[in-house]
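Chains X and Z, in that order, are what the protein sequence lines are.
The first sequence begins at 1 in this note's numbering and counts up one residue at a time.
The second sequence begins at 1001 in this note's numbering and counts up one residue at a time.
Simulated from the structure, these hints should not be mistaken for laboratory data.
C-beta atoms are modelled at their ideal positions from N, C-alpha and C, and glycine is treated no differently.
Be aware that one or more of the hints could be misleading.
[Stated by the list, open to error] Covered stretches of chain X, as calculated for chain Z (at least 3 residues, CB under 8 Å): (1) 61 to 71; (2) 88 to 95; (3) 99 to 108.
[As the list claims (entries may be wrong)] Which chain Z residues stay away from chain X? Per the calculated CB distances, all over 10 Å, these: (4) Leu1017; (5) Ala1019; (6) Phe1053; (7) Gly1057; (8) Asp1149; (9) Pro1174; (10) Leu1215; (11) Pro1218; (12) Arg1229; (13) Asp1232; (14) Asp1244; (15) Ile1246; (16) Val1258; (17) Leu1296.
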Amino acid sequence: MAAVQFASRQFADVVVASPTGRIDHGAAQSLEQSLMPLLDAAVPGQGGVLLDFSGVEYISSVGLRVLMIAGKRMHARGAALAIATLQPVVAEIFAISRFNGLFRVYPDVREALAAMSPAALAAFDRG
Amino acid sequence: MRRIRFWGTRGSLPVALDAAALRRKMAVLLRAASGRTFASDDDIARFLDEAGFDTAGTFGGNSSCVEIETGGPGHVLCDLGSGLRPFGQAMLARHGPASPQTYHVFVSHVHWDHIMGLPFFTPAYLPGNRLFVYGCHAELEEALRRQMDPPSFPVRFDHLRADIRFVTLSPGVPREVAGMTVTAKLQRHSGDSYGYRFEAGGRTIVYSTDSEHALADPAETQAVADFFRDADVVIFDAMYSLADAISVKADWGHSSNVVGVELCQMAGVRHLCLYHHEPAFDDAAIARVLAEARRLEEITRAGAPLRVSSAYDGMVIDL
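Excised from the complex, chain X in its bound form:
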């Protein structure tokens, strides 16, 4: 199984998850395994999870399916999931797949945090 590089940072009540690389058919399972524990730890009604896609070069249909599952799981739990900083190719894939209408997508992490949580934004700005 190909692995996606994955890092996460906490800003107050928002976890910013940063996968890196190509989320192709082989790497999608790795993404799912890294992401789901973060989703399960999210507190309903507070902050949430932000996916920072600045390091993602490509995403396949299988990778998009992982996002679909993640979105449904968070929605069922009453927790927020958003995506930020799509690279141009990934943004096109989102549009072609009609995924751009399924998630809140922000141009950058700061703008996403501003929308998700004042406390998270303050933590981000403090560095």
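For this one, chain X is given, so just place chain Z on it according to the hints.
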């Protein structure tokens, strides 16, 4: 195999361009033609080509029916949708009622949009013609007979005077038919559907409609890629967006342009032909799906380019 000719490309049920839609197309064309003069029919043809197929043409509305011209005797078809009617009319015009013909039809499944053309297939009523119906469903003959039973239709199946034979195929077992090697594959669809791989003379065509793909199963993905392997043309059900196909329309048994491009790239296919169009889509929507598929192919291309087209009633692909 020489060419593929599409007689019906719509999914679920036939549709028709209505007066309002035709009027809108004409208005667009007239605006574009404003101030221009046309010295010849060629000038007009060039103008219409420039206007775009979704404006100057139409993808059509007959349900699934695709002809494979083998170059040999006999006629090969995939599915018996409403497109079978104009195919039959063309056969009568070409051969006349007194020249017996043999037809080989491979049926993907027995949902009504894939069998509804048979009662309107005039050659089936003519003695001397032979019709071989191939499929993997045990209930294939029953389904075709039942749709012509009262009160559904005024003419019973037994009134078809052609010599009609049903041939049961087994998935994965190649069969020689009309000079081709034909192999069926089980696909995910309610009541099952079957794709067909046609091989002859170094050419390969795959007909894969009404098939949903289990994205989470690498083994199944590989099996589909192997079925498509190195095909010259894959005719592929791209009825829904990817988002719809894996959410609100999951388990509806169809696929998307995104998955079509991915599978064909994986399999080294030369030409992906999007098919089984959503009946709610107008020509502009189908054209948009095609443009996006081409763009996806372009931005994800790793090797040889994959040609992408969208089937329309009357389309011909020369091999």
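Hints that the structure is at odds with (numbers, increasing): The structure conflicts with hints 10, 11, 14, 15, 16, 17, although it agrees with all the remaining ones.
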